[in-house]
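S.K.: Chain by chain, the residues run as shown.
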Amino acid sequence: MNMFGRTAIAGACAAAFALASATLVAQGRGQAAAAPPAEPLSALAPENLSKPRPKAPFDLTGNWFVDTSSGPDAWRFGPPYPKLTPKAQKEYDTGMKLLKEGKVYKDDIGQCWPAGLPLIMTRYWPTAMIQVPTAVYMVSEFMNSFRTIFLDGRAHTDADVVVRTPNGESVGHWEGDAMVVDTRYFRGDHHWMDQGGASIPAGEQLRIVERIRLLPGGKQLEIAYTMTDPENWEGGWKSTKRFNRVNDIDIHEVECLPDLNDHLKSTRSKTQVQ
Amino acid sequence: MKRLLIASTLVVMFIAPVFAHHSPAAFEASKSITLTGTVKEFRWQNPHTWIEVNVPNEKGEQVLWAFELTSPTYLVRAGWKSNTLKPGDKVTISGRPLKSGEPGSAIFTSVTLADGRTLGERPARLGGEAK
Numbered sequence: 001m002n003m004f005g006r007t008a009i010a011g012a013c014a015a016a017f018a019l020a021s022a023t024l025v026a027q028g029r030g031q032a033a034a035a036p037p038a039e040p041l042s043a044l045a046p047e048n049l050s051k052p053r054p055k056a057p058f059d060l061t062g063n064w065f066v067d068t069s070s071g072p073d074a075w076r077f078g079p080p081y082p083k084l085t086p087k088a089q090k091e092y093d094t095g096m097k098l099l100k101e102g103k104v105y106k107d108d109i110g111q112c113w114p115a116g117l118p119l120i121m122t123r124y125w126p127t128a129m130i131q132v133p134t135a136v137y138m139v140s141e142f143m144n145s146f147r148t149i150f151l152d153g154r155a156h157t158d159a160d161v162v163v164r165t166p167n168g169e170s171v172g173h174w175e176g177d178a179m180v181v182d183t184r185y186f187r188g189d190h191h192w193m194d195q196g197g198a199s200i201p202a203g204e205q206l207r208i209v210e211r212i213r214l215l216p217g218g219k220q221l222e223i224a225y226t227m228t229d230p231e232n233w234e235g236g237w238k239s240t241k242r243f244n245r246v247n248d249i250d251i252h253e254v255e256c257l258p259d260l261n262d263h264l265k266s267t268r269s270k271t272q273v274q
Numbered sequence: 001m002k003r004l005l006i007a008s009t010l011v012v013m014f015i016a017p018v019f020a021h022h023s024p025a026a027f028e029a030s031k032s033i034t035l036t037g038t039v040k041e042f043r044w045q046n047p048h049t050w051i052e053v054n055v056p057n058e059k060g061e062q063v064l065w066a067f068e069l070t071s072p073t074y075l076v077r078a079g080w081k082s083n084t085l086k087p088g089d090k091v092t093i094s095g096r097p098l099k100s101g102e103p104g105s106a107i108f109t110s111v112t113l114a115d116g117r118t119l120g121e122r123p124a125r126l127g128g129e130a131k
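Protein sequences, first through last, are from chains A and B.
Quick note: the first sequence uses the numbering used here, first residue 1, plus one each step.
Quick note: the second sequence uses the numbering used here, first residue 1, plus one each step.
Here chain A stands alone, though its shape is the one from the complex (with noise of 0.2 Å):
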């Protein structure tokens, strides 16, 4: 074979490589040539902040504390309780069952699981809000439990790709004087809409749409629940909530810490049932 025929195999050879390589990358990559989708501006992009939006109604931006004037109870979303389904019925029975005889049924947040949505907003811990044209960024002081409410058109994520957690992924938008906001995505275990009797589990199902408003003069935030999870209840758990302004606590690093419960007898007794 001359110089011309080698040259011409070698140049036949090196573009089936060149080919199959091409191929080989494509399909690793699961697309053939289409382009990926452009991936979308985060909520603190400069970008997405500076663009043109309505004013909001409010800034929610400072510190709040669940408004407990009602009476102790104030952190509690019932009684009355929705209708459970049986297996909701059965977790609840055997909570207050185990109340009467002073026991403590699966206290998944005493052990330092996260409380979750909605109970975390009732903590008797303040909340730190900080918002911004294209979200509301809010940290628990308890656990410093962390929660995103996006306003800035987006919808909620994949099913198939989202990441399940115990507060949920929250879209919000404006509807007059309020935000409205769609929180779904829940993490479905150790997650209880009650504490201390009242065991009422909440699944993956959980949906929490909450109307918020400030009330006049800014020192009062008010929400509305609508809460919903057929696996474990019957229709809209209806409970308004409202919080007080606090501009005398800042939050601070909170973590719950296994020598806490090894220092207290009580979760370590016999009144502790699983």
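Please note: incorrect hints may appear among the correct ones.
[To be verified] In silico BS3-like links for lysine-lysine, alpha-carbon gap of 25 Å or less: (1) A/LYS265 to B/LYS90; (2) A/LYS265 to B/LYS59; (3) B/LYS99 to A/LYS90; (4) A/LYS97 to B/LYS31.
Derived from the structure by calculation, the hints contain no laboratory data.
Here the structure is a predicted model, which means the values were calculated and not measured.
Given the coordinates of chain A, assemble chain B onto it according to the supplied hints.
M.R.: Below, chain B alone, put in the same frame as chain A:
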């Protein structure tokens, strides 16, 4: 030394339950105990502070009691500091005991220090007890 006083008549004094992060189910909501003893440890930390107190029982044996308090965030607003208590301090301390009657654990409500000061947990506006 006063050993153990079951003060069930203090119902009116302690109206609101202390909302610890642990379930209140195991604790009395309307009964209080008052004990006098010696501080073994005072741990100033989040989410809850605790006090361990050695209290002599009827046989003269030392029984270790752990009282669960709220966060320092609120305690400082009720007059506490991290050095308010130290090991060896004599205190008279009140709290809600376990319903089971098992000794050793209680939800804190108040303490009287050796200097006569009495400290509670937190202001009413932050979920403190109505008095």
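S.K.: So, for every hint listed, does it hold in this structure?
M.R.: Status of the hints after comparison with the structure:
no.: 1; hint: A/LYS265 to B/LYS90; verdict: holds, 22 Å
no.: 2; hint: A/LYS265 to B/LYS59; verdict: holds, 21 Å
no.: 3; hint: B/LYS99 to A/LYS90; verdict: holds, 23 Å
no.: 4; hint: A/LYS97 to B/LYS31; verdict: holds, 20 Å
Violation of the numbered hints given earlier is absent; every hint is satisfied by the structure.
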